[in-house]
Amino acid sequence: MAKGHDSEYKKMIDKQYKDLMKQCQVHMEQIERVLPEPKEDLHEILRDRGFSRRDFIKWTSAMTAALMLPPIFRPMVAKAAENFSRLPVVWLHFAECTGCSEAFLRSSYPNVDDILLETISLEYHETLMAASGYQAEQNLEKAINDFNGKFICVIEGALPRGLDGRYLTLGPKGKTGIQVAKEVTSKAAAVVCIGSCSAFGNIPAAKPNPTDAVGISKAIGVKTVNIAGCPPNAVNFTGTVLHYLMFGSLPALDSLGRPLWAYEKRIHDFCERRPHYDAAEFVEEWGDGGAKKGWCLYKVGCKGPYTYANCSKVRFNDGISWPIMAGHGCIGCTEPAFWDHMAPLEKPLDEKTLGGGERTIDNIGIALTGAAVAGVAVHAVASVIKYKGKNIFPKNDDRMNTKEEKHD
Amino acid sequence: MQKYLGIKEWSASMRINHWAVAISIFILIVTGFYIADPFTIYAGETVNKFFMGNVRFVHIFFGGFLIFLSIWRLYLAFFSRFHADWRDFLAWTDIKGTVAQIKFYLLISRHPEQKYLYGPMQSLAYTGCWMMVVVIIITGLIMMGAGYHAGLTSIAAFVLKPIENLLGGLAMVRLIHHIFTWLFILFIVVHIYMAFWYDTVLKQGTVSSMVGGIKFKRTKE
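Residue numbers (our numbering), protein chains in the order written: chain Z, 1 to 408; chain W, 1001 to 1221.
For the record, the hints were derived by calculation from the structure and aren't laboratory data. Any given hint could be a false lead.
[What the hints assert, rightly or not] Here are the simulated BS3-like cross-link-like pairs (lysine-lysine), alpha carbons at most 27 Å apart as the crow flies: (1) Lys1161(W) x Lys388(Z); (2) Lys39(Z) x Lys10(Z); (3) Lys386(Z) x Lys1096(W); (4) Lys1203(W) x Lys386(Z).
[Claimed, not checked] A few chain Z residues facing chain W, derived, Cβ under 7 Å: (5) Leu35; (6) Glu37; (7) Tyr306; (8) Pro336; (9) Met342; (10) Leu349; (11) Thr360; (12) Val373; (13) Val384; (14) Pro394.
[Said to hold, decoys possible] Across the chosen pairs, the derived CB separations fall in these ranges: (15) Met1131(W) x Glu351(Z): 27 to 37 Å; (16) Ala374(Z) x Lys1008(W): 30 to 40 Å; (17) Val1134(W) x Arg33(Z): 16 to 26 Å; (18) Ala371(Z) x Met1131(W): 21 to 31 Å.
All C-beta atoms in this analysis are idealised placements derived from N, C-alpha and C, irrespective of residue type, glycine included.
Please take these sequences and the hints and turn them into a complete structure.
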C-alpha cells in the first residue's frame, strides 16, 4: 500500500521535473537564437586558469544542488554556464563602497563562480570600464538601446533621496542617481540588487541617514531581486543569473525580495557551531579556551539566529571558510537595517544600548523594578498609617462591604 | 463575637487558569533570561550536554501552554457559567471612577464605590496585561517559527512574516520580546503588592480568595 503511494508520488514528481526540463530546454534554445554569441569560451578560460573538466563538473553538481534542482539538471546548469557571457549586463554603482564588485573580482582562490563573473558580458561597469566622461555615457546609452528589454541591470549601492537626489550625481551631465536608475531599469529585463545597500539601504541608510538613502526598490518603486549581503556570496548572484538563463524567469523570492533558494533559512539553522549552542558551550571572550575549541559565538555577538542567509552552507572563496568558521560571529549583513538593528556587532543583543545611550534594556528594567518595589514599600507604610482601623469603603458598596456591616 | 462571612468570588476554572498562567510566566521569565544571556557549562563532553536545548524546549513548551491558557481565559471571560467578566475588564472606561480610584491609591480620598468585579485601575492593568500576552505570544511565535521549517510552527511563521518585516527583522522582534518581559516583571511587582495590600491593610481577603475561591470577611455579630 505504502509502496504504491510512494511510486504514485514519485511519478508525480518525475513528471513535474520533466516538464520543468522541457521548459528549460525550450528557453535555452531561444536564448541561443536571441542573444549574441558568447564573448568568451568558458572552457578555454577555465583551462587557462588551471581548472580541469572534472572541477567544472563538480561545480555544476554543487550549483545544481544549491539551486535545489535534482541531478538531471546538471547538463543544463553546465550549458547555462557556457552561455553565461551571452547575457548583457549593465552594472550601476550608487552610494556604496564597491566592496561587492571587489569581493567578486578579486578573490585569491577564484572558483568557477568567480571566473563566470569575469566572463560576464559587461556592457557598462563604472569600476572596470576604460571609458570615462561623455564616452562612458554613450556606452551606457548604446547598451540600453541595443539590448532594450534583454539586458540585466545589476545595481550596487543605495539611492540618496535628500535634496531631490542631488547628494549623488554622476556622469558628465550631472544626472542624479535616481534619474540614472529610472532610465536604465525601465529598459532592463530584470533588476538585480547586489549587496545590502541596493537591497535595503544598509550603511548609507544607517542612522541618522543624513542623505535619506534607501534601497533601490523603495527609491524608484521597481521590483528587484535582492542578493543581500555585505558583500554577498558570488554563488547567490551566479545562481540567480543561471536560474534566469535556464528558465527565463527569476527564482522564487521571499517577502523581502531575496531568492528563497539562498535566503530561506537562517545562518543559525545550519551553523557548524550549533551543537555547541545547544550544549550551552559559549566563547566568553576572544581567545579563551572555548574559542580554541570552536564553541558557539553567541555571547561574543553572533547574529546568526536573526539572519537569513546560506553562508553556513556554501561558505566563501571556493568553500574555504566563512566568518563563523574563522572565529568571528555573524554580523547579520543580509538583514534590512542591520547596521542599526544588529548593533553592537561584537556583543550579544542583550547588551544593546537604547537610543544611543549607555543603558541596556536590562539596566532600565532593573531600575524600574527597583523603583516599583521602593514605591510600593513607601505606599504600604503610608497607607497603613492613614487607613489603619478605619473603614474607608462607602457604606452602600455591597461588593467591598458585607451586608451585616451595613446594618450597624 | 466575631463571625466570618464567605462570598464566592472565583470559580475553580478561573483559579486554575490564574495559577497556571502565573507558573507559566514565572518559568518563561527565568528560561527567557537564560536564553538572552546564557552561562557556559564547562564540565563534560559536548555530546553529553544539551542544556540550552532543554531550556529552549521548556521555554517553547510553556510558551505554547500560555497560548492555550490565554484562549481558555478568553473563553471564560465571555462564557464562564459562574461569572463572565468581560464587562469588568472595561471598568476603566468610567473615567470619573478611574480618577477617584487613583485619588484613593494616592491616599487623598476615600475608596470610591466599586461597581465592577475589578476596580478601574485593576481592570486597566489586567487589560494591559492580556495585550502584553498577545504581543509576547506573537513575537515568540515569530522567533520559534524562524527555526522550525515544518509543522504548525512553520505555518505560524509564514502567517506572521509580514509582522516580522514590519518590526524590522528577527533582531527587533527579539528586542520587543525582551522589553515585554520587563513589563511583565513590573506588572507582577505591582499585582502582588496590590493583592497583599487589599488583603492586609483593607482586610478584603483577596489572596486566599484566589486559592479557595471564597472571599472571607470578618463581621461583628
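Each hint tested on the structure:
1. Lys1161(W) x Lys388(Z): violated, 55 Å
2. Lys39(Z) x Lys10(Z): violated, 41 Å
3. Lys386(Z) x Lys1096(W): holds, 23 Å
4. Lys1203(W) x Lys386(Z): holds, 14 Å
5. Leu35: violated, 36 Å
6. Glu37: violated, 43 Å
7. Tyr306: The hint holds - Tyr306(Z) has a Cβ within 7 Å of chain W, the shortest such distance being about 4 Å.
8. Pro336: holds, 6 Å
9. Met342: With a minimum Cβ separation of about 6 Å from chain W (threshold 7 Å), the hint on Met342(Z) holds.
10. Leu349: holds, 6 Å
11. Thr360: violated, 10 Å
12. Val373: Holds - the Cβ of Val373(Z) comes within 7 Å of chain W, reaching about 6 Å at its closest.
13. Val384: holds, 6 Å
14. Pro394: For Pro394(Z), the interface hint holds, since the closest Cβ of chain W sits about 5 Å away, which is under 7 Å.
15. Met1131(W) x Glu351(Z): 27 to 37 Å: Given range 27 to 37 Å: holds, Cβ gap about 28 Å.
16. Ala374(Z) x Lys1008(W): 30 to 40 Å: holds, 36 Å
17. Val1134(W) x Arg33(Z): 16 to 26 Å: violated, 58 Å
18. Ala371(Z) x Met1131(W): 21 to 31 Å: For Ala371(Z) and Met1131(W) the Cβ distance comes to about 22 Å; the hint holds.
Going through the hint list in order, the structure does not satisfy hints 1, 2, 5, 6, 11 and 17.
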